[in-house]
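Asker: Chain residues, written in single-letter form:
2 protein chains.
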Amino acid sequence: MFETAEIGSEIDKATYAQQAPEVRARLLAAQTQLGANANFSTIILIGGVEGAGKTETVNVLLEWMDARGIRTLTYGAPSEDEASRPEYWRYWRSLPPKGRMAIIFGSWYTSPIVERAFDREDQARFDQRLDRIIDFERMLSNENVLLVKFWMHIAKKEQKKRLKQLSRDPLQSWRVSKRDWKFFDRYDEFRKVSEHALRRTSTGEAPWQIVEATDERYRTLTVTKTLLGALEDRLAASKVKAEKPKASFPKPRPNNVLRQLDMKSSLDKKEYGKKVLKHQGKIARLTRHLAEKGRSMVLVFEGPDAAGKGGAIRRVTGSMDARAYEVNSVAAPTDEERARPYLWRFWRNIPRIGRVCIFDRSWYGRVLVERIEGFCAPQDWQRAFAEINSFEEQLVESGVVLRKFWIHITAEEQLKRFQDRQETPYKQYKITEEDWRNRAKWEAYEAAAVDMFEKTSTEEAPWVLIEGNDKNWARVKLLKTVAAALEGVVEE
Amino acid sequence: MFETAEIGSEIDKATYAQQAPEVRARLLAAQTQLGANANFSTIILIGGVEGAGKTETVNVLLEWMDARGIRTLTYGAPSEDEASRPEYWRYWRSLPPKGRMAIIFGSWYTSPIVERAFDREDQARFDQRLDRIIDFERMLSNENVLLVKFWMHIAKKEQKKRLKQLSRDPLQSWRVSKRDWKFFDRYDEFRKVSEHALRRTSTGEAPWQIVEATDERYRTLTVTKTLLGALEDRLAASKVKAEKPKASFPKPRPNNVLRQLDMKSSLDKKEYGKKVLKHQGKIARLTRHLAEKGRSMVLVFEGPDAAGKGGAIRRVTGSMDARAYEVNSVAAPTDEERARPYLWRFWRNIPRIGRVCIFDRSWYGRVLVERIEGFCAPQDWQRAFAEINSFEEQLVESGVVLRKFWIHITAEEQLKRFQDRQETPYKQYKITEEDWRNRAKWEAYEAAAVDMFEKTSTEEAPWVLIEGNDKNWARVKLLKTVAAALEGVVEE
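First to last, the protein sequences are chains D and C.
Position 453 of the first sequence, counting from 1, maps to 453 under my numbering, and the rest follow consecutively.
Position 93 of the second sequence, counting from 1, maps to 93 under my numbering, and the rest follow consecutively.
Hints are not guaranteed to be accurate.
Pairs involving identical chains hold if they fit within one copy or between any two copies, as the list cannot separate such chains.
Here are the simulated PhoX-like cross-link-like pairs (lysine-lysine), alpha carbons at most 25 Å apart as the crow flies [to be verified]:
| # | residue 1 | residue 2 |
| --- | --- | --- |
| 1 | K164 | K178 |
| 2 | K430 | K98 |
| 3 | K282 | K471 |
Hints in this document: simulated from the structure, not taken from any laboratory.
Extracted from the complex, chain D is given alone in its bound form:
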């Protein structure tokens, strides 16, 4: 694979002088159009061996384009904050908004390649990590991120020559570190491992561009022209206006998990009071052990309007030290959120080790309201199941105890509660025209919810369906489930 990048490609001074100004002017024009149209963002990955001119290439890009619209990112050893969250948290955090660019050195590829090249991880783990990359990049691409990936290549001999040259020059020697030589010693392993990684992750939506980096002029023109082509193609494509997706109304199967719930379940006041205190006591004690176990907790709440999510959540938080938890109520996204992939706003709020994060409505909006109201295209909510599963898998792997609650009520009970809300002055804010409109789509929501349970309930991140017609019953079942999940952690 790398042989094709060891053939001595060069560009002479005259050709360079003739071509460079045009590429430069068009790159700038494309960047300006990107900023103005703003319906996608661009990530440029720069990989490859040391001494192949990665820094120099980035400097060219920053000089040829408007550096103010470009963020340069690198990821070193994770900080404590990063280490106490899933690996991809820091990549998510720094995704550029639509209209902007990011140049990333040392990306999500670095750790898998280095660990494998030094034989600290086996091939199976390596492939698993590459698969995660493929999923991540596919999601980015589907979410309007243009990914342009460059791999700067120089042959072993050439690398040695460059490192030596730099080391010898007293004014430049600081550019070469011990780490660079340590890596050079493993040139062959790196070459093999990188080749495997590149082959596997060169996908239709995010192909690798291997750049023969020996000749500076060739390298510069290859990178800038490739980037220019990708940008111009994408700008042209984005002019074709997508049709507004239509609302869809799935029909529920007559005998589904929601209809099987025993909606008459209830609990009397005395029993309720005793049980609430018992489970709250447990939760209070056990939450304190999360930190020492290296775990955190995420609780998700979904369900029909007026199902009692808010009150239920307050019963959980009421048992916790206020310093331990945070409640995120998911409302309309801000413009910073809208300018990024839809999961970004949730990744933002992933708790660090030791803490509890509660989502009052969540990323499942994608396959519920967005699906039914046609806020996204069918292919968008269809791929969301896999994206959500991958997201939750990462949470669980990193130590998050994840529970997802669907608090259910019957259509009759909802009607009763809506009417009560309209009649009680301090409850009126809770009922809007939209609630009535949603209610009219009861069956579509039911069908979408059942679909969602099927596709996203896993052993580690189960959906817990709660019969919510009786609030006492619902709250006790919720507290009991949370307490049991925490017990599971402490007993590990």
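Chain D is fixed; fit chain C onto it per the hints.
Answerer: Quick look at chain C alone, frame taken from chain D:
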């Protein structure tokens, strides 16, 4: 001071039942109006002794209002990420946007009061910390944050009774920790210290409300009615539309620091090449020592359009490991940023220990472009000098090496560069109508800049004026200054 909150205030059941529903309905209405009008945010501080019903009060507020518009925040021991930045970083990070509310337990008051009550800090330090609180709260208030501060008080005897009661109940004992008893032992010290803190920080814009907390009904109605009053007053006041501030055109003094610069300073190419490499080498080596010294670095760049800030910044970053720095180009604020005090977007980007953050334009926009274009009222940019000084003082105290560069060019040189930009295809993006408009205000910018140097150049955070007509000279002077600042750190 607390005697007035030990007089046995009570509200009987009937009065409560009669008043509560109206307060509740009006609170909700006010919250809804806040969300719709969105020209201020609200922070409710809940302080006071353990057992005085702080948690219960918060629960009432969350139940009476729409919990989805309210974030509950607490601050425990700082995380590593927080500990490696100024103390107030975490408070800034969590400021609610306009239209929303935050309830804070354990705020910026906790640490000063606890440290003083346990006699780990002396009275002078305590007062200094209270002064910082006053500055902070005054700034919040000026920046459209409504601050409502409650102090829940119960007498010593009552606190003892409550802690004992809870401890005895097997289902509630988890609510009382060893820390609570340790604090109770210091009741008298806490009372004295808190009284001093409250007296000193009860300002016109953010007065303390001391609440006699023994009787639950009295406590609830007092808190909710006070909050309601504050909200309704503020909503009424915010209907008076502020006039759009006028642009101002300060005149420069004929003999000022900018006119005293020797704008003929220059450096030939050979000398330049040698010096650049020398200083870059130093910067590269020294930057690595920042982390071990517990320091970070912030570099600010201001100056006329076309002064060469971008190119100068690239000379600095070119000497650093890409993992060590980040460049922030300050453009129009996002809506999340616009919804908060103007310094919020800069606090967001304060580097952790060991890292370098470069601002291409900065918080000084407040006293430059915002002043001259009339984007803020005169009192806003006038108070900004003190706010900026306080901000920078906090940076420096926490270990930030701060340098502020004004790269200067003459009006003639700017004209030459503008013309060159218009004539060179790949430079045209750099020149806009706005640049020409700003140029027409050259003298006003000059006067504002001189004013700014005078008011914000301190020994620890000096302005460095750089003669920028010759780019070689400017870049070398910049690199030399950065290298010297780093040397200062390493030699400490």
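Asker: So, for every hint listed, does it hold in this structure?
Answerer: Hints, one by one, checked against the model:
For the homomeric pair K164 and K178, the shortest alpha-carbon distance inside one copy (12 Å) is at most 25 Å, but the shortest distance between copies (63 Å) is not. Taking CA atoms no more than 25 Å apart as the test, K430 paired with K98 passes between copies only; the shortest distance there is 21 Å, against 34 Å inside one copy. For the identical chains of this complex, K282 and K471 are intra-copy neighbours only, at 20 Å inside a copy versus 67 Å across copies, given an alpha-carbon limit of 25 Å.
This entry satisfies every hint, going by the numbered hints stated previously.
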